[in-house]
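Heads up: the sequence lines are chains A and B, in that order.
Note that numbering that gives the first Met the number 0 has the first sequence beginning at 0, numbered continuously upward.
Note that numbering that gives the first Met the number 0 has the second sequence beginning at 0, numbered continuously upward.
Source of the hints: derived by calculation from the structure; they are not laboratory data.
Ideal placement from N, C-alpha and C gives every residue a C-beta, glycine not left out.
One or more hints might be untrue.
Stated by the list, open to error - A few chain A positions that, by computed beta-carbon distances, are all more than 10 Å from chain B: (1) Tyr57; (2) Ala102; (3) Ala164; (4) Leu165; (5) Arg171; (6) Ala172; (7) Val286; (8) Glu326; (9) Val328; (10) Ala330.
To be verified - Label-pair restraints from in silico Cβ distances: (11) A:Lys228 <-> B:Pro253: 39 to 49 Å; (12) B:His160 <-> A:Arg35: 41 to 51 Å; (13) A:Leu110 <-> B:Pro12: 31 to 41 Å; (14) A:Gln112 <-> B:Ala169: 46 to 56 Å; (15) A:Arg56 <-> B:Pro244: 19 to 29 Å; (16) B:Gly343 <-> A:Tyr78: 29 to 39 Å; (17) B:Arg59 <-> A:Leu135: 24 to 34 Å; (18) B:His160 <-> A:Tyr78: 42 to 52 Å; (19) B:Arg175 <-> A:Leu110: 46 to 56 Å; (20) A:Tyr78 <-> B:Gly241: 27 to 37 Å.
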Amino acid sequence: MSMEAPGGTAADHGRQGEPAIDLSRLQSEINEEVRRRRAAGDFPPGLERELDAAFARYAPAGAGDNFEDVIGGAETQSYIHADVPTTSRLAVLAFAKRLLRKAMAWYLRFLAQEVTAFAGAITRAVRLLGKRVDVLETVTLLAGERTLAEVRERRAGPDLGRWTALVTAELRAVPGRVLHAESGAGALVAALTGAGADAYGVDPVEALAMEAARAGLDVRADDAVTHVKALPDGALGGLVLSGCVDALPLGEVLELADRAGAVLAPGGILVVLSTGPAAWARAVDPVVADLAPGRPLHPETWRHLLTERGFADLRVEATEDPAARLERVPADVPGAGALNANAERIERLLSGPASYAIVAHRT
Amino acid sequence: MVAVHQVLPVFAPRDAIGNHTAAVRRALRDMGIGGEIFAGEVVPGAGNGARTIREIEPARLAATEPTIWMYHASTGSPVAEWWAAAPGLKILDYHNITPAELLGPWEPAVGVELEHGRRQLVDLVEVTNWALADSSFNEDELRRLGFAWTAVVPILVDTAHLADEAVDAAVLSRLRTRKDAEGGADWLFVSRLLPHKAQHDLIKAFAAYQFAYEPTARLTLVGSVGSARYAEALQDLVDDLGLTPTVRLTGSVPAGELGAHYRVADVYVSASEHEGFGVPLLEAMAHDLPVVAYSCTAVPETVGTGALLVSDKSATALAAAVHRVVSDPGLRAVLVDAGRRRLGELGLAGSTARLRRAMGRILDEAGLPTPVAFAPHRRAPESP
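Bound-form chain A, shown alone (with noise of 0.2 Å):
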């Protein structure tokens, strides 16, 4: 299909009657529909949260990454029974089937029952194995979610209320959905809202989606990297990371890194809140700060894994840290110049930015 002139709706009829339709036009339609209905209540903000779990409730245990539902699934796999399914359209196959089965029953019987001893002694070993590597994650610094879950209750992440006005200046215009990954009670998803962006939130704890979901924001119960993870590429228009980003392990946070850069549409934006990792070690309660399985990275860092994964016009804006900002010795005191330099070395080198943004355009 070409591209439709200028003017016209997206879907018209060319010059020599050749049909065209112009699909980035008519995809921004679409999209712009669903932001109305969104607005409109027609679709409402836990409508499509409900319709998963609608859908979860039948999945199979083990359709998912959780281990224990694996594990469980394979343990009531590991049953065989010999009672073959004898039913059939004509009577006569059904007798016969039955007739079979009685006769080959000892046959049967037996195969199944060697079958399920081999398969429970895998499943055995196998859940065995498990434990094994709960305990040495459970005595790792990257001990998993018992500690991510703390450190989240107890997380000191960055001020998002300071980031709105950039966050929502960079997003509202962008054509898609925009998520943002933690996004807490949902204030920055609020902001983008009202600022017009498609906006919607995950947060891995429930009762901050739970408070969001009651202000009538679509804020939803997930684990950042798993929400990320399995949405469609191309799904996003804007994506804004944060929290999930001073916290996670740093093989999580570079899945993440990966992931954005597929989820976003080509022209999509991607954000990142974060906090300075020498401010972070100072401001934090010292129990998150020991037993967080991961830490913030420098901005540079992020500069360096974005531009990596193609991402490009690449723009680091940072805060400063009143509490690591040393005094200067008055002008008049003798020395004052090489005092007051040293303390802005000693700063530049210990501090660093007490929170910063990075927002990046996926090319």
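Keeping the supplied structure of chain A fixed, place chain B upon it in accordance with the hints.
Just chain B now, kept in the frame of chain A:
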């Protein structure tokens, strides 16, 4: 006479690969190349003189004439090993193997079979002389696995006659009566009930559509049960969402009844997550249905510009896309026109020409005698 014997795990009637196999045999015969169809299991009614592999001795067949064995790969099967052991030159025709992670959680045994199929495919690299794929998507996968000689030959479908079935008038009348009485759009999707065909996503999108646009709309899911657990979950989901009066899972239906559904539908919607080609998409186009499809795997290649492809299949996005197509007659007309053109591009003549070109190269490389009926066509210039 050169013989190309085709081998596949199951040869069944009304099956895309079975139909393709029969069409390949007809096309090869037109080229002056003989050959039979052999399968691990021949389902009654499949016809075409197909025999099971247990009825033949490959060495004896290969001894009587220059022989090439063509294997249609779509799952793990001991038939692949039988084919690999057969004496002579070999063509692998790859129709894609569904990733096990999409099916395994629902049907563990099938998941294991699919994983076995992928491992088997790697083993077949060594014994395969030439590999065909029915889409570039499939060809890319073959190349990644190490198949050195590959070519794309689309599924041989007579797109000009995809809508020629004798419609079941009684069913058509019943469906039209209901449509007239209730109003609302009819959504249609045709495929076996399997998790990677994502009928559950269609049901969710349809629920959103009913909620926001047309409470009287209907969704018909035609297709036999591929996974009993999944089919049960779909029915539970339909009941849970209160959609029982408007969502219908018909199971497998005769061709005449399927034709009636195509004629009553307003839009064909696919949320499928994995297609190696996607014949029902073409059937929908042949019935002048606008197609809205989730853009993944070989779907974009199959539909070309003949469908509205969406990259976001969340319930609301898909519902809004369908609403746009249903409510915009201009867009609908453009999509139907584009669908017709796409059918022309994927017509039997074009696909057969690609098979002919591939076979020409294969016979040349094999140093096998060129059939008389084949020769004039081999000199035809290749399209870019």
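ask   = Range hint 41 to 51 Å: satisfied by the CB atoms of His160 of chain B and Arg35 of chain A?
value = 43 Å, holds
Interface exclusion of Leu165 of chain A relative to chain B, criterion Cβ beyond 10 Å = At about 26 Å from chain B, Leu165 of chain A clears the 10 Å cut-off, so the statement holds.
request  = Would you assess whether Ala164 of chain A, listed as outside the interface, keeps its beta-carbon beyond 10 Å of every beta-carbon in chain B?
outcome  = Ala164 of chain A clear of chain B: closest Cβ-Cβ about 28 Å, beyond 10 Å.
ask   = Is Arg171 of chain A truly not at the interface, in the sense that its beta carbon sits beyond 10 Å from all beta carbons of chain B?
value = Per Cβ check, Arg171 of chain A is outside 10 Å of chain B; nearest 19 Å; holds.
ask   = Quick one: are Arg56 of chain A and Pro244 of chain B within 19 to 29 Å, going by C-beta?
value = Distance hint for Arg56 of chain A, Pro244 of chain B holds at roughly 21 Å.
message = Given the hint of 46 to 56 Å, is the C-beta distance from Arg175 of chain B to Leu110 of chain A inside that range or not?
response = Holds - the Cβ-Cβ distance for Arg175 of chain B and Leu110 of chain A, about 54 Å, lies within 46 to 56 Å.
ask   = Do the Cβ positions of His160 of chain B and Tyr78 of chain A conform to the proposed distance bound of 42 to 52 Å?
value = About 50 Å separates the Cβ atoms of His160 of chain B and Tyr78 of chain A, which means 42 to 52 Å holds.
Claimed clearance of chain B by Glu326 of chain A, with the beta carbon kept past 10 Å = 54 Å, holds
key: Cβ separation of Leu110 of chain A and Pro12 of chain B, checked against the hinted range 31 to 41 Å   = 33 Å, holds
ask   = CB of Tyr78 of chain A to CB of Gly241 of chain B, is that within 27 to 37 Å?
value = 35 Å, holds
inquiry  = Quick check on a hinted range of 24 to 34 Å for Arg59 of chain B and Leu135 of chain A, using CB atoms only.
reply    = Because 59 Å falls outside the window, the suggested range is violated.
message = Can you tell me whether the CB distance of Gly343 of chain B to Tyr78 of chain A sits inside 29 to 39 Å?
response = Once the Cβ atoms are compared, 55 Å apart, the range 29 to 39 Å for Tyr78 of chain A and Gly343 of chain B is violated.
Violation of the numbered hints given earlier is confined to hints 1, 16, 17; the remaining hints are satisfied by the structure.
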